[in-house]
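J.: Next come the chains, spelled out residue by residue.
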Amino acid sequence: MNLFTISWANIIRKPLNTTLSLMLLAFGVGLISLMLVMENQLQDQFDRNIKDIDMVLGAKGSPLQMILSAVYQVDAPTGNINMKEAQRVMKHPYIADAIPLAYGDNYEKYRIVGAPHKYAEHYNVQLAEGKLYERPFDAVLGAGVAKESGLKIGDTFYSAHGLEDATDVHTNREFHVVGIYSESQSVVDHLILTPIQSIWDVHTEEGDSIPDDEKEYTAVLLKKKNPLAMVTIPNTIKDTNMTIALPAIEINRLNENFGLGMQALGVIALIIVVISFVSVFISLFNSLKERKYELALIRTMGGSRLKVFVLILQEGMILSLLGFIIGFVFSRIGLIIMSHQMEENFHYTLNDMGPIPMEWLMLLITIFVGSLASLLPAVEAVNIDISKTLADG
Amino acid sequence: MLISQGIQFSYPEGKPFQFPDFTCNEREQMLLLGQSGTGKTTLLHLLAGLLRPTGGKLEIAGSSMMDLSSAKMDKFRGEHIGIIFQTAHFIDSLRVEDNLIMPQFLTGRKIDRSKAKDILGRLNLAHKANSFTSQLSVGEQQRVAIARALINDPKLILADEPTSALDDSNARGVIHLLKEQAELTGASLIIVTHDQRLKDEFAKSVVL
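Protein chains in written order, with my numbering: chain H, -6 to 386; chain A, 3 to 210.
There may be inaccurate statements among the hints.
Unchecked claim - Below, simulated BS3-like cross-link-like pairs (lysine-lysine); rule was C-alpha separation at most 30 Å, straight line:
(1) A:K206 with H:K381
(2) A:K74 with H:K381
(3) A:K119 with H:K7
(4) H:K84 with H:K231
(5) A:K181 with H:K282
(6) A:K17 with H:K285
(7) H:K111 with A:K206
(8) H:K218 with H:K84
(9) H:K102 with H:K44
(10) H:K300 with A:K17
(11) A:K201 with H:K381
(12) A:K112 with H:K300
(13) H:K381 with A:K77
Said to hold, decoys possible - So the derived label-pair ranges between C-beta atoms look like this:
(14) A:E28 with H:I268: 29 to 39 Å
(15) H:G259 with A:S116: 32 to 42 Å
(16) H:I5 with A:G141: 22 to 32 Å
(17) A:D120 with H:L314: 33 to 43 Å
(18) H:R298 with A:E182: 28 to 38 Å
(19) A:S207 with H:I5: 26 to 36 Å
Hints in this document: simulated from the structure, not taken from any laboratory. All figures in this text were calculated on a predicted structure; none of them were measured in a lab. From the three backbone atoms N, C-alpha and C, an ideal C-beta is built for every residue, glycine too.
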């Protein structure tokens, strides 16, 4: 027997009140927690994928679409660009490094991207098994693709035209899986990489090849040597169908728009949390009326004022703590569901289930506010007129 | 054991009470008889240290109740005085046995469940140890309240109108139980009542 047992007995004796308070708190905490974790992990992945890419060269169109397509591989490309014209930009003295990409085909919705080896190196992706692609139609699978598609080294597959469609299969050319990358939490995890030549050759008959003048890239990821690059390069490509998009600026704009929705959601979650604390307060205060005699009794049996105070304060704190724990579990269930959806739609994963630092802070705040909500009832309990309460009893 | 000399008490708005002098020796059993309005419950609360007299002298077990601080009073009461109120009240969320060990816990004594079981056995309540108090009959509740008053081996047991709602035979039963248990525990027993039926049961009574 201790004060905790008594508080606990009181909490479970009022299942309806307790459930209401807990549900509200858990829901609010869960929502905030889910938002924090998602923001945290998405931000991480967004940042990782944008790493050192200052500019993206692609066909004219929406710059945001260019970034989403070329950097994150979630949107469709704006079109293709002429290889020779693109190479002029890649060799520009203000450009430090350039990674050309050619894509537009898929295997069971996994994008097949033609790229030089340095594309994977850029994201520090290591080879887990097999070897790197060397010849056309060699393919190395991202870790996620290997896990989900069931393809193994030595397997072969046909690509299909488009990024998701599987109706127009290029049965003339067979890809060979030669290697598998290890997991990197970057965009490469969900791609199938191959030499650019494969993408060109897949649209020709065996033995044929496209003349150099007609070869195309889909986009080029650029790293600048000189900040002036951002000003001068757009001028040099004015007469082509190409344009330059800046990932940092586009993603900022995206965040601002997304952020507004997230903020609104955050405010709603916060309101729910506040209501839950009011509910804790009201249920404690209400039960106090019924338990007045009980508390007076505790005092007559030798219980000090401090014990009565702790008893009530503790009930609020236990409720808050429980609400937080349930909310935390809610948020993780939500995260698993969201992760599943994102995986299906965007090939993005949210897989870190552990608590983030902000959540520890939330735990402290929850317990603090929880005890604050029970402070007034606790003070009230301490100041009960024992004699009068017992005489009225 | 208990010495009450000229104690007075007045509520903020209301006429002052002036109580007669009386003493109660160790293991002595006595009645404080009074009609309603004579301040019976007030006197019981004064004796229990729930109220502080505005004048006079009150000494229990060698301690002057006038001088104890409120925190010390809580502790003193928990350790030396067992109180049985007119209507039995409990901590509703706890079971009978847990209610019984509350005085042990609240005074910081070692929790002794076997003692609680013994006392429940003595009062024919052993089978109710795991019931909630709200599931008991009124008579059973009153016996649990008596058991709870005995658990800390008090020097003084105070009972407020323990028989007012009972018929003759039940009233006699409760009084015998109280007398017997007080004796077993070695406590003095003071019953505050207006119930004239009890007069014959006690050798000593003081009329308010």
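J.: Hints first: check each against the structure and report whether it holds.
T.: Right, here's what the structure says about each hint:
| no. | hint | result |
| --- | --- | --- |
| 1 | A:K206 with H:K381 | holds (29 Å) |
| 2 | A:K74 with H:K381 | holds (20 Å) |
| 3 | A:K119 with H:K7 | holds (28 Å) |
| 4 | H:K84 with H:K231 | holds (17 Å) |
| 5 | A:K181 with H:K282 | violated (35 Å) |
| 6 | A:K17 with H:K285 | holds (27 Å) |
| 7 | H:K111 with A:K206 | violated (106 Å) |
| 8 | H:K218 with H:K84 | holds (11 Å) |
| 9 | H:K102 with H:K44 | holds (25 Å) |
| 10 | H:K300 with A:K17 | violated (35 Å) |
| 11 | A:K201 with H:K381 | holds (28 Å) |
| 12 | A:K112 with H:K300 | holds (17 Å) |
| 13 | H:K381 with A:K77 | holds (20 Å) |
| 14 | A:E28 with H:I268: 29 to 39 Å | violated (59 Å) |
| 15 | H:G259 with A:S116: 32 to 42 Å | violated (56 Å) |
| 16 | H:I5 with A:G141: 22 to 32 Å | holds (28 Å) |
| 17 | A:D120 with H:L314: 33 to 43 Å | holds (38 Å) |
| 18 | H:R298 with A:E182: 28 to 38 Å | holds (35 Å) |
| 19 | A:S207 with H:I5: 26 to 36 Å | violated (47 Å) |
Checked against the numbered hints above, the structure breaks hints 5, 7, 10, 14, 15 and 19 and satisfies the rest.
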